[in-house]
Amino acid sequence: DAKTTQPPSMDCAEGRAANLPCNHSTISGNEYVYWYRQIHSQGPQYIIHGLKNNETNEMASLIITEDRKSSTLILPHATLRDTAVYYCIVRAYYSGNTPLVFGKGTRLSVIA
Amino acid sequence: DTGVSQDPRHKITKRGQNVTFRCDPISEHNRLYWYRQTLGQGPEFLTYFQNEAQLEKSRLLSDRFSAERPKGSFSTLEIQRTEQGDSAMYLCASTREDQPQHFGDGTRLSIL
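Chains as they are written, first to last, in my numbering: chain F, 1 to 112; chain S, 1 to 112.
Since the hints were derived computationally from the structure, they do not count as laboratory data. This structure is a prediction, so every number in the text was calculated from the model and none was measured. Hints are supplied without guarantee of correctness; some may be wrong.
Cut-off 27 Å, straight-line C-alpha distance, at most; resulting in silico cross-link-like pairs (DSS-like, lysine-lysine) [what the hints assert, rightly or not]: (1) F:K3 to F:K104; (2) S:K57 to F:K104; (3) F:K3 to S:K57; (4) S:K11 to F:K104; (5) F:K3 to F:K52.
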């Protein structure tokens with residue numbers, strides 16, 4: 001699986017959009033971008049994943065650049081409950097039975 | 001969908017004691033994973049089951065660690081002769097086919 005690079009921390013004002021970047025310059029054609037988050041004292045929670053098209057669900061939007069070397073997770077209206085560590089993971093979709101490889105992620109602090 | 005359940009949530013024990021954790025996956029999820037997470041780090045893979053078969057083990061899983069998944073339902077992770085370095089959060093995740101992994105809230109182990 002390709003390696004990802006994320007900033008260690010970010011702040012966001014409550015009610016504003018939180019834009020979390022992820023670089024994955026060595027991503028290959030069959031690899032998807034997955035996002036998980038981990039709220040303090042809880043297990044990681046799946047957010048969203050995508051291959052090359054932008055994706056949106058009830059939690060977030062995922063914007064993947066045309067060359068697929070980077071992506072941005074967008075929380076449109078951040079709340080205090082969105083304070084968490086956000087992990088960007090790249091893996092081949094067919095490898096659904098293989099373990100996830102987590103980095104250190106981005107610690108997002110939503111500020112009132 | 002009742003989610004992945006882990007028991008106990010917290011375990012404090014003295015060095016040298018044996019401990020056992022339990023994970024109940026989401027029903028009908030045939031794949032089950034154990035991860036370990038130390039402070040400030042992302043989760044690290046320990047081992048993986050497909051139904052009752054243990055298919056993969058990480059080099060992190062020393063011979064003091066053993067995991068089982070009888071009948072392909074719940075799983076247990078046992079650590080024998082615990083050491084200070086075993087202090088961590090132990091996370092369980094389950095999935096089926098190529099769905100995202102769903103995590104429990106973990107068991108936090110503290111070694112005195």
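Checked hints:
| no. | hint | in the structure |
| --- | --- | --- |
| 1 | F:K3 to F:K104 | 12 Å, holds |
| 2 | S:K57 to F:K104 | 22 Å, holds |
| 3 | F:K3 to S:K57 | 21 Å, holds |
| 4 | S:K11 to F:K104 | 25 Å, holds |
| 5 | F:K3 to F:K52 | 17 Å, holds |
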